[in-house]
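Colleague: In the working numbering, the protein residues as written are 3 to 193.
Treat the hints as calculated values from the structure; they're not laboratory data.
Please read these numbers as outputs of a predicted model, since none were measured by experiment.
Careful, some of the hints might be misleading.
In silico DSS-like pairs for lysine-lysine, Cα to Cα no more than 27 Å straight-line [to be verified]:
| id | residue 1 | residue 2 |
| --- | --- | --- |
| 1 | LYS106 | LYS137 |
| 2 | LYS28 | LYS6 |
| 3 | LYS62 | LYS130 |
| 4 | LYS187 | LYS165 |
| 5 | LYS65 | LYS4 |
| 6 | LYS65 | LYS82 |
| 7 | LYS49 | LYS88 |
| 8 | LYS62 | LYS4 |
| 9 | LYS62 | LYS6 |
| 10 | LYS88 | LYS38 |
| 11 | LYS43 | LYS82 |
| 12 | LYS4 | LYS28 |
| 13 | LYS187 | LYS75 |
| 14 | LYS37 | LYS106 |
| 15 | LYS75 | LYS28 |
| 16 | LYS165 | LYS106 |
| 17 | LYS4 | LYS75 |
| 18 | LYS137 | LYS165 |
| 19 | LYS106 | LYS82 |
| 20 | LYS106 | LYS75 |
| 21 | LYS106 | LYS130 |
| 22 | LYS130 | LYS193 |
| 23 | LYS37 | LYS130 |
| 24 | LYS193 | LYS177 |
| 25 | LYS187 | LYS130 |
| 26 | LYS130 | LYS82 |
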Amino acid sequence: MKEKIILIGGGGHCNAVIDVIEQEGKFDIVGIIDKKELVGKEVLGYKILGSDEDLEDLHKQYKYALITVGQIKSSEVRIKLFETLKRLGYTLPVIISPLAYVSKHSRLGEGTIIMHHALVNANAVIGKNCIINSKALIEHDAIIGDYCHISTGAIVNGGVQVKETTFYGSNSTCKEYTQVSGFVKAGSVVK
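Given the sequences, and given the hints that come with them, work out the whole structure.
Modeller: This is the structure in structure tokens:
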């Protein structure tokens, strides 16, 4: 029997996460937590069950949760949600698309999601509550700090250190063994 999971945030990123969770097949999605005024509406057929205020009560029934709020300008909301969920006792699993490749020699932190067609190579380390988006490449020996979003089609070359809370934009790339932090806009080349 599959474990049940609730998703926190019902926006665009939630749509993509739902697809990955359905493809992975390890969890049954119970529903979504979002703004109070959205309760009762649906996202891809899953009901919005409640708001952040309901998380404590829901934990009596469900032990798994995943943050499905995206991250572009700031990681602040994802950090706050992560801390709240941990304080309430939720388990935040690692979710890996069956269409992704993740080396058995890599390490992934709790609450991280690896989206469709992403590649995580040997000896890469990815922190907690990260988004490794569709078609992103995390090369050997790269270190991705906590609360990072490596966006679609981005390339993190070998030995690169991406500092905590960094947004690394779509189709960005960087020279090997560099340090990256802050906001890297789409299409950037980081030297």
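Colleague: Just to be careful, I want the Cα atoms of LYS137 and LYS165 compared with a cutoff of 27 Å; is the pair within it?
Modeller: Judged against 27 Å, a Cα distance of about 20 Å means the pair holds.
Colleague: Holds or violated: LYS106 with LYS82, Cα cutoff 27 Å?
Modeller: violated (30 Å)
Colleague: Is LYS187 within 27 Å of LYS165, Cα to Cα?
Modeller: Status holds; Cα separation ~15 Å.
Colleague: Please verify whether LYS4 and LYS75 have alpha carbons no more than 27 Å apart.
Modeller: violated (35 Å)
Colleague: Would you check the hint for LYS106 and LYS137, treating anything up to 27 Å between C-alpha atoms as holding?
Modeller: holds (19 Å)
Colleague: Would the hint linking LYS106 and LYS75 be met if the CA-CA limit is 27 Å?
Modeller: violated (32 Å)
Colleague: Are the Cα atoms of LYS28 and LYS6 separated by 27 Å or less?
Modeller: Holds - the C-alpha atoms of LYS6 and LYS28 are around 9 Å apart, at most 27 Å.
Colleague: Decide if the proposed pair is consistent with the structure: LYS65 and LYS82, CA atoms, cutoff 27 Å inclusive.
Modeller: Distance ~18 Å between LYS65 and LYS82 Cα, so the pair holds.
Colleague: Hinted pair, alpha-carbon criterion (27 Å max): LYS187, LYS130. Please report holds or violated.
Modeller: holds (22 Å)
Colleague: Need the status of pair LYS88, LYS38: alpha-carbon distance at most 27 Å?
Modeller: holds (22 Å)
Colleague: Does LYS106 lie within 27 Å of LYS37 when you go C-alpha to C-alpha?
Modeller: Distance ~38 Å between LYS37 and LYS106 Cα, so the pair is violated.
Colleague: Just to be careful, I want the Cα atoms of LYS130 and LYS193 compared with a cutoff of 27 Å; is the pair within it?
Modeller: Holds, at about 26 Å.
In this structure, the earlier hints numbered 14, 15, 17, 19, 20 are contradicted, and the remaining ones agree with it.
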